[in-house]
Amino acid sequence: MSKPHVVIIGGGATGAALAHDLSLRGVQVTVVERGEVTSGTTGRHHGLLHSGARYAVKDQESARECIQENMILRKIAPGSFELNNGLFVAITDEDMAYRPAFLEGLETCGIPYKEITPQEALAREPNLNPAVKAAVEVPDGTMDAMRLPLRFLATAQSNGAVVKTYTEVEELLMQGKTVVGVRVRDHVTEKTYTIGADLVVNAGGAWSGKIAAMAGVHVPLQPSPGVLVAVYGRWNNMVLNRMHRSGDGDIIVPQRTLSVIGTSSWVVEDPDRLEMKKEHIQLMYEYGAVLVPAIKNAKMRAAWAAARPLIGSGGAHTGRELSRTFKCFDHAERDGVEGFVTIAGGKATTARGMAEVTANVVVRKLGLDAPCRTREVVLLPHTAYYRRRW
Amino acid sequence: MATVTFKIYRYKPGEIDPPRYDTFQVEVEDHTTVLDVLEMLRLDDPTLTYRHSCHHGSCGTCGMLVNGKEVLACVTNVLALKTKTVVVEPLRNAPLVSDLVVDMTPFFEKYEPIGMPYVRASEYLPHSQPPEEVGSYMRFENCLECALCLSACPVVATDPDYLGPAALAAAARVVQEPRGQDVHGVLALVDNEKGCWRCHAAMECSAACPNDVNPGGMIMFLRETLLAGKHK
Numbered sequence: 003m004s005k006p007h008v009v010i011i012g013g014g015a016t017g018a019a020l021a022h023d024l025s026l027r028g029v030q031v032t033v034v035e036r037g038e039v040t041s042g043t044t045g046r047h048h049g050l051l052h053s054g055a056r057y058a059v060k061d062q063e064s065a066r067e068c069i070q071e072n073m074i075l076r077k078i079a080p081g082s083f084e085l086n087n088g089l090f091v092a093i094t095d096e097d098m099a100y101r102p103a104f105l106e107g108l109e110t111c112g113i114p115y116k117e118i119t120p121q122e123a124l125a126r127e128p129n130l131n132p133a134v135k136a137a138v139e140v141p142d143g144t145m146d147a148m149r150l151p152l153r154f155l156a157t158a159q160s161n162g163a164v165v166k167t168y169t170e171v172e173e174l175l176m177q178g179k180t181v182v183g184v185r186v187r188d189h190v191t192e193k194t195y196t197i198g199a200d201l202v203v204n205a206g207g208a209w210s211g212k213i214a215a216m217a218g219v220h221v222p223l224q225p226s227p228g229v230l231v232a233v234y235g236r237w238n239n240m241v242l243n244r245m246h247r248s249g250d251g252d253i254i255v256p257q258r259t260l261s262v263i264g265t266s267s268w269v270v271e272d273p274d275r276l277e278m279k280k281e282h283i284q285l286m287y288e289y290g291a292v293l294v295p296a297i298k299n300a301k302m303r304a305a306w307a308a309a310r311p312l313i314g315s316g317g318a319h320t321g322r323e324l325s326r327t328f329k330c331f332d333h334a335e336r337d338g339v340e341g342f343v344t345i346a347g348g349k350a351t352t353a354r355g356m357a358e359v360t361a362n363v364v365v366r367k368l369g370l371d372a373p374c375r376t377r378e379v380v381l382l383p384h385t386a387y388y389r390r391r392w
Numbered sequence: 051m052a053t054v055t056f057k058i059y060r061y062k063p064g065e066i067d068p069p070r071y072d073t074f075q076v077e078v079e080d081h082t083t084v085l086d087v088l089e090m091l092r093l094d095d096p097t098l099t100y101r102h103s104c105h106h107g108s109c110g111t112c113g114m115l116v117n118g119k120e121v122l123a124c125v126t127n128v129l130a131l132k133t134k135t136v137v138v139e140p141l142r143n144a145p146l147v148s149d150l151v152v153d154m155t156p157f158f159e160k161y162e163p164i165g166m167p168y169v170r171a172s173e174y175l176p177h178s179q180p181p182e183e184v185g186s187y188m189r190f191e192n193c194l195e196c197a198l199c200l201s202a203c204p205v206v207a208t209d210p211d212y213l214g215p216a217a218l219a220a221a222a223r224v225v226q227e228p229r230g231q232d233v234h235g236v237l238a239l240v241d242n243e244k245g246c247w248r249c250h251a252a253m254e255c256s257a258a259c260p261n262d263v264n265p266g267g268m269i270m271f272l273r274e275t276l277l278a279g280k281h282k
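In order, the protein sequences belong to chains A and B. Residue 302 in the working numbering sits at position 300 of the first sequence, with consecutive numbering throughout. Residue 69 in the working numbering sits at position 19 of the second sequence, with consecutive numbering throughout.
Pulled out of the complex, with its shape left as it was, chain B reads as follows (with noise of 0.2 Å):
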């Protein structure tokens, strides 16, 4: 048991507005993640909003920057963070709603249209033989649609029109693995100053991703695909 000091940005419109931060002293365990501190803290009070689903790291809802960094709260521990005080935040480059919750509806805007498989092969247990009717083994995606690699990214901090570093992921998913989706079409809603040229590969979307989707090297990916003409 150790205790911690949790400072909590507070925001609601016209209620908590200008914003504020909440300071709360917290008994954690070795185990205690992040998002279990919010969890306590929303018992005694209601009103803090933030969002959150699965507690593995597997939904993508919980994401915020903690200690200014983006992370998922809900894989973050308390005690690896090593800091006295831990500052818990909303993403950035996103609408704020209220306390820790953004507006989601901008990412997928840009995102949705690469229609992105949700499904890819698996690359695991790969000398593994798959039952007659299963064919070959598939598994979910990476990409947890979490937005921290936007929050994280400079350029989408000052180009709202930027298509971003997880729908870019996402497009060169679909030139790797179709999955009867339209190759080309894809391509050409990247190949613009809007879509992958506009990344100046400050690659902090890679070291934010929770998922090893390395949204900047799947930029760079499109790049030698659109150069070498490989899609034609």
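Extracted from the complex, chain A is given alone in its bound form (with noise of 0.2 Å):
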């Protein structure tokens, strides 16, 4: 009997992981992508391999799914972190208030910590602000936004999946009610073509929207960029947070020989038209400079813009009041519309996570009695990707 076959709208890090986590339980797997993997928003995440310690107070499922999939990324993909802890910070006296429910917060989430006296945090951190007041550690790191994705899409490719970049989703092709595929454009060659699938699954993040509107459906999808900076130099080794309720420029994250501070947040209706706020950058430096004041005059690398993807209705102003938490919609319960699922929302770090259930959906619907094994499978290097052929 042949296998069953998917198709996977996007290739970011949900539709990597899924395509990983599919092509382990026998399902033929074809990811397709409009331009090279990880371009959307991917790529251009904050590099921060979360603790949950962020989501402890405000969103707590959110912070679950995150300490729960950070100790399993520890265990698939070796290597490809920077393995040195985060610490939450408080520096005003407004932030001191924040500590009580935060380490309540931490207690309940099941997240490590360890709470650190205000000199033993400079001793680590010999550029943080030193009015610190108070200091918690936690198991926060970082990662690198496009090799972690490279690395489910290689052993993907490992155990058969094909990955189409450059192929772009002009119609959801439909027999009644039901996605029989999808009708693609190569933008190597300009030619379309249609590609059948028993179920196509929709992991366009912050497009999702667009594409779920193909079929007639409508997702609760909010796009909502947020600025990043990079500058030149690793001011901290650490990740570093504002202990308060998650705010503007209140985290920096180390990577390789850079420091990266962000973010802001607002929401748009069309990804693909972000629009950098320049006015953000400024605001980057000023909240960076409250953990890390040398951070001020450090030398800008680069200033950016990416949409996470968010579920949330309408009536969203800054992005920030909906949750980070993720949701697998089967269409054929929700909309009627058989042969179509799409997952939504999440975060890079909770992408194995994602994947898995929106998988235990897929096998459910395509009759397979096949189990996850994405908690277990060491990952390919992300050099494995590219072993394949144009």
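Derived by calculation from the structure, the hints in this document are not laboratory data. Among the hints, a few may not be true.
DSS-like, lysine-lysine: derived pairs with alpha carbons at most 25 Å apart [to be verified]:
#, chain 1, residue 1, chain 2, residue 2
1, A, Lys166, B, Lys134
2, A, Lys301, A, Lys5
3, A, Lys166, B, Lys132
4, B, Lys62, B, Lys119
5, A, Lys301, A, Lys279
6, B, Lys119, B, Lys132
7, B, Lys62, A, Lys280
8, B, Lys57, B, Lys132
9, B, Lys62, B, Lys132
10, A, Lys212, A, Lys279
11, B, Lys119, A, Lys301
12, A, Lys116, A, Lys60
13, B, Lys160, B, Lys134
14, A, Lys212, A, Lys166
15, B, Lys132, A, Lys280
16, A, Lys280, A, Lys301
17, B, Lys132, A, Lys301
18, B, Lys160, B, Lys57
19, A, Lys212, A, Lys367
20, A, Lys193, B, Lys62
Given two chains presented individually in distinct reference frames, assemble the corresponding complex, making use of the accompanying hints.
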């Protein structure tokens, strides 16, 4: 019997992790991505391997997902992270007032932590604001935004998955109320062709609303961009976070020879038109300098914007009020459209978990009895992704 | 705001073949990069293909020639080029796929067997005290695997079998900080006429490198290591 065929739309973190999961469960997978892999939101994210501490007070579902996935990723992707841990630091009296709720949240969500003295914090991070009043260490880390998904894709390819880049979906093929494939345009040749599928998964991230609309269904997705600024030099070795309710410019992620300050948050309708907010660059410098005063004079390497794919309905203004958790929509149950599943929301840190939940839905719909194996299977190195041939 | 003319190399096998240049007038601001311009142009012309991912010079995918020089488009400020016309072309010494996209497979065929670990010990803030569980601070390697060095190398241009500056620099890193890798095996891969002895020391690789790998210097380090028998 031949394998069932699933087309995944989107070559970002979610599509990559899902391709890996389904390939391990005996599904023939084709990933279609309109540009280079990870060229949408994934490659542009902050590079933070979340411990979940950032969400421990206000978004505990997301916090629990983060700590669980953080621990799994360390096992399945060794060598892909800067594992220097993170510090949450209180600088102001207001931050100190947040501390009890923060510690309680870490306990509730099962996030390992250790409170250290301000002196210890300064010994670890000499550039930290000397006004530091309290510091809590958590298992944050730094990831390479592109190379972790490449490991998922490389491993998926080794298990038979096909990744088609520069391949843009122009139409979902329908038979009545069932999605039976996609019509794509190959931007290398500008030829169009169809790919049949037993099931199509929309993993379009911030673009998944546009893709769902091709099947006449609505997903409550709110593209929410943020500005990030990379400066030269590692001003800290651990990830530094403000110990307060999540706000703008309150995380500095050291990465390679850079420090990345982020981020801001607003909402847009069209993820292709992000309109870089120049004034946010200055804000990142200002807020970043509250954590590390020397950042103020650090030379900028780049500033850019990336669109988070947040689940939410109308009414969001900044995106901060929306959860970072994810949702899998089976459009048969929800909209009466068969053969079509959307996975939306989430974070790069939780991509594997998102894929597991989605693949559970997919294999059930395909009538397969195949358990998830991605918690244990160690991924191939990112360089293996390029073993394919055009 | 200023208006700049962009001349962009276009090629699609069987479609735009032979290649041509498309010309656009583009409004740019102080902070606009070459990658920003490509992103703007693609809104009107979705057939324009180029590689990109991180937008801050960390992933190494957006390597291309801008005014004939190897750069990462995402950290190349347009106005800082100080030219009225900006010419954008694909990297040299790599198979062309489409427009500005080159095939990275040959790069990784030479680079992957070296097996350089992707993390290294961090040299930043040397007197800071790492947490107990961390042991010592680590960071990602400098090499972005962008292939700018191969594009700039005159030897790579004439000898397809030459291992090339990126793989040789990776080998030197394994010698400097093995992290469990087989140093003797790696030295055997580079100690031959297609390895570190093939380099003519033009040092174009080091000039092109966007992240201070200094491949030319690393090749000289490999030669010194081999000549001095320091690895024995």
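Discussion item. For each hint given before, does the structure comply? Return the numbers of the non-compliant ones in rising order.
Written reply: The structure conflicts with hints 1, 2, 3, 7, 9, 13 and 18, although it agrees with all the remaining ones.
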